[in-house]
Amino acid sequence: DQQVKQNSPSLSVQEGRISILNCDYTNSMFDYFLWYKKYPAEGPTFLISISSIKDKNEDGRFTVFLNKSAKHLSLHIVPSQPGDSAVYFCAASARAGGTSYGKLTFGQGTILTVHP
Amino acid sequence: DAGVIQSPRHEVTEMGQEVTLRCKPISGHDYLFWYRQTMMRGLELLIYFNNNVPIDDSGMPEDRFSAKMPNASFSTLKIQPSEPRDSAVYFCASSQRITGELFFGEGSRLTVL
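Chains A and B supply the protein sequences, listed in that same order.
FYI, the numbering for the first sequence is 26 to 141, going by my numbering.
FYI, the numbering for the second sequence is 169 to 281, going by my numbering.
Hints were generated in silico from the structure; no laboratory data involved.
List time: in silico DSS-like cross-link candidates among lysine-lysine, alpha-carbon distance up to 30 Å: (1) LYS128(A) to LYS79(A); (2) LYS236(B) to LYS246(B); (3) LYS128(A) to LYS93(A); (4) LYS128(A) to LYS246(B); (5) LYS128(A) to LYS236(B); (6) LYS93(A) to LYS30(A); (7) LYS192(B) to LYS128(A); (8) LYS93(A) to LYS79(A); (9) LYS81(A) to LYS30(A).
Just chain A, with the same shape it has in the complex (with noise of 0.2 Å):
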């Protein structure tokens, strides 16, 4: 039973494009939601989160956006850099409670691949 979901295994962009990560959750009580940014052979490193509340948050290139409706939930990169390529993760968590409270579950990853 996979809650979070992340449907594409890669994405290659260009240097300078958009990159767009795309995730879905099943589970209605998550209400917030993050980004981990992974390298190989090191742990995950927290990008950008976004509460339930808001449909939008950004932070210099990265903005994630959030479809509660749809449980879907987006990680646009503008402009694409190389150093950009990894794992990105994305995870919820559910902050007024349920069995899922706090307890972070993880989407499987994209490997995103900047080219320059």
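Go by the hints and put chain B onto chain A.
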């Protein structure tokens, strides 16, 4: 500031042997998490502690797995006896709040032959 420190970084062992993975969380963080990453299941939560007390171990796969946190600066994940299907990267993470940002260590890559 030092991040989350895990040891060993790599462990190769034979089936049936005991494996102990270690973690030092970031000072001041009240929550400590153990995750496992495999190709098949991705990143899955095994157990987490709050103020050194195990809160939720529902992700621990079976009795062969155990975790302890004897003090605020140290935790262990033990597998006894180990099996080839335990081969994975094990991550430790800590945070200041249960729903806060998690800080991950670099992981311990375990290979059980």
